[in-house]
Amino acid sequence: MYQWITVISTWMIPALIAFIPLYAAFRKVPVYESFVDGAKDGFGTAVSLIPHLVGMMVAISMFRASGAMDAIVAVLEPLFAWMKVPGEVLPLGLLRPITGAGSLAYTTDLIKVYGPDSMIGRIASTIQGSTDTTLYVLTVYFGAVGIRRTKYALKVGLFSDLVGFLAAVFICLLVFG
Amino acid sequence: MVNWIWLIMIVSSVMVAAFTGRMDAVTEAAFDGATTGVTVCFGLISVLVFWMGLMRIGEDAGLLSKLASLLGPLVRLLFPDVPRNHPAIGYIMSNMSANLLGLGNAATPMGIKAMQELQKLNPDKETATPAMCTLLAINTSSITLVPTTLIAIRMSYESANPAEIVGTTLAATAVATAAAILADRWYRRRSAKPPLHTGGSSAAGSNHSAALKGG
Chain Y
2 MYQWITVIST WMIPALIAFI PLYAAFRKVP VYESFVDGAK DGFGTAVSLI
52 PHLVGMMVAI SMFRASGAMD AIVAVLEPLF AWMKVPGEVL PLGLLRPITG
102 AGSLAYTTDL IKVYGPDSMI GRIASTIQGS TDTTLYVLTV YFGAVGIRRT
152 KYALKVGLFS DLVGFLAAVF ICLLVFG
Chain U
343 MVNWIWLIMI VSSVMVAAFT GRMDAVTEAA FDGATTGVTV CFGLISVLVF
393 WMGLMRIGED AGLLSKLASL LGPLVRLLFP DVPRNHPAIG YIMSNMSANL
443 LGLGNAATPM GIKAMQELQK LNPDKETATP AMCTLLAINT SSITLVPTTL
493 IAIRMSYESA NPAEIVGTTL AATAVATAAA ILADRWYRRR SAKPPLHTGG
543 SSAAGSNHSA ALKGG
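Respectively, the protein sequence lines represent chains Y and U. Letter by letter, the first sequence follows residues 2 to 178 in the numbering used here. Letter by letter, the second sequence follows residues 343 to 557 in the numbering used here.
Warning: the hint list may mix true and false statements.
[What the hints assert, rightly or not] Derived pair list, reagent style DSBU-like, types lysine-lysine, alpha-carbon separation capped at 35 Å:
| hint | chain 1 | residue 1 | chain 2 | residue 2 |
| --- | --- | --- | --- | --- |
| 1 | U | K408 | Y | K29 |
| 2 | U | K408 | Y | K85 |
| 3 | Y | K85 | U | K467 |
| 4 | U | K408 | Y | K41 |
| 5 | Y | K156 | Y | K85 |
| 6 | Y | K113 | U | K467 |
| 7 | Y | K152 | Y | K41 |
| 8 | Y | K156 | U | K467 |
| 9 | U | K462 | Y | K29 |
| 10 | Y | K41 | U | K467 |
| 11 | U | K467 | U | K408 |
| 12 | U | K462 | Y | K41 |
| 13 | Y | K41 | Y | K29 |
| 14 | Y | K113 | Y | K152 |
| 15 | Y | K113 | Y | K85 |
| 16 | Y | K156 | Y | K41 |
| 17 | U | K462 | Y | K85 |
| 18 | U | K462 | U | K408 |
| 19 | Y | K85 | Y | K29 |
| 20 | Y | K156 | U | K408 |
Treat the hints as calculated values from the structure; they're not laboratory data.
The shape of chain Y in the complex, shown without the other chains (with noise of 0.2 Å):
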């Protein structure tokens, strides 16, 4: 199963990339041209998100240094390990929805440190992988098309990285345990 799905991902980018043009220059489309064309907008799409992106990384770098989220990290413990979550994959359930690198960094060393097939490095490999960064995709999708008032998408976001950090927790917890 693991075989075939990863022949599949390394067969689809190639595949997309040589399938798309070939369908379009059927369809006589002047493919060259129309690459081209499209490709103008992510110069600018790319730009118009540095404003963006500088806002919040500097939040949340300044926010991990400072140790205001080890502060909350020491206050949460006690309610997250009475729900029997390790208290060594609490910090990754608070990094995981803000910073992508620095939850993948904080994921290898924990699997460095416990080792792959331990109990703790399984669930952080979980947590890492079922979620993405809530603050980067909202940051860059929103901030791509310059919307201000987001309404409820951040909540909605960080409520479904809780109940997927609880979940990778829980399921764990069922399968290996």
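Here the structure of chain Y is known, so what remains is to put chain U in place on it, guided by the hints.
For chain U alone, kept in the frame of chain Y given last:
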């Protein structure tokens, strides 16, 4: 809400640093963060330029509308207020499929294109529409079939079975996505109702955002 989170993160960092004596580290972190933000955007340039070019070929060839009509029913259920043959549907579909296959760097450009199409349908260009919120909900919980990065990391630390987390990840991601869709539905329905007593609170809300913009 983003305004508040941002403000709280920054102010609390400085306040906590005053207690922990990490003021130097916080200053350094602020500028490091700014550098990271720019680096990430620069990394996105190549990805966005390439995929947006390729997606335009697909759009000109009518592939997107074909994809939209093929998998339309599911998307219509999630995005009832987007017109049937609108290009947004095609981009939403490609974004969801890219996420599913774990093609992270293809999923983002497609998601951004979907947002840009949804923005064309938006009467108020600064406020998110329900459809945008749903697209975001799906992407923040991101259903992934294969967490390729994680498998690679587990391999490099000599796991006996690097792929054993595929099943647990899939289960956890399914729960998270279901929670996101349900929460999104709940808020969508609630915000669609005519406001009864919100006069005071919305006025207070706009004061807050005005104060934040001013500061």
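Tested hints:
{"no.": "1", "hint": "U:K408 <-> Y:K29", "in the structure": "holds (16 Å)"}
{"no.": "2", "hint": "U:K408 <-> Y:K85", "in the structure": "violated (48 Å)"}
{"no.": "3", "hint": "Y:K85 <-> U:K467", "in the structure": "violated (45 Å)"}
{"no.": "4", "hint": "U:K408 <-> Y:K41", "in the structure": "holds (24 Å)"}
{"no.": "5", "hint": "Y:K156 <-> Y:K85", "in the structure": "holds (25 Å)"}
{"no.": "6", "hint": "Y:K113 <-> U:K467", "in the structure": "violated (47 Å)"}
{"no.": "7", "hint": "Y:K152 <-> Y:K41", "in the structure": "holds (31 Å)"}
{"no.": "8", "hint": "Y:K156 <-> U:K467", "in the structure": "holds (21 Å)"}
{"no.": "9", "hint": "U:K462 <-> Y:K29", "in the structure": "holds (27 Å)"}
{"no.": "10", "hint": "Y:K41 <-> U:K467", "in the structure": "holds (22 Å)"}
{"no.": "11", "hint": "U:K467 <-> U:K408", "in the structure": "holds (28 Å)"}
{"no.": "12", "hint": "U:K462 <-> Y:K41", "in the structure": "holds (19 Å)"}
{"no.": "13", "hint": "Y:K41 <-> Y:K29", "in the structure": "holds (21 Å)"}
{"no.": "14", "hint": "Y:K113 <-> Y:K152", "in the structure": "violated (40 Å)"}
{"no.": "15", "hint": "Y:K113 <-> Y:K85", "in the structure": "holds (22 Å)"}
{"no.": "16", "hint": "Y:K156 <-> Y:K41", "in the structure": "holds (34 Å)"}
{"no.": "17", "hint": "U:K462 <-> Y:K85", "in the structure": "violated (47 Å)"}
{"no.": "18", "hint": "U:K462 <-> U:K408", "in the structure": "holds (20 Å)"}
{"no.": "19", "hint": "Y:K85 <-> Y:K29", "in the structure": "violated (61 Å)"}
{"no.": "20", "hint": "Y:K156 <-> U:K408", "in the structure": "holds (34 Å)"}
In this structure, the earlier hints numbered 2, 3, 6, 14, 17 and 19 are contradicted, and the remaining ones agree with it.
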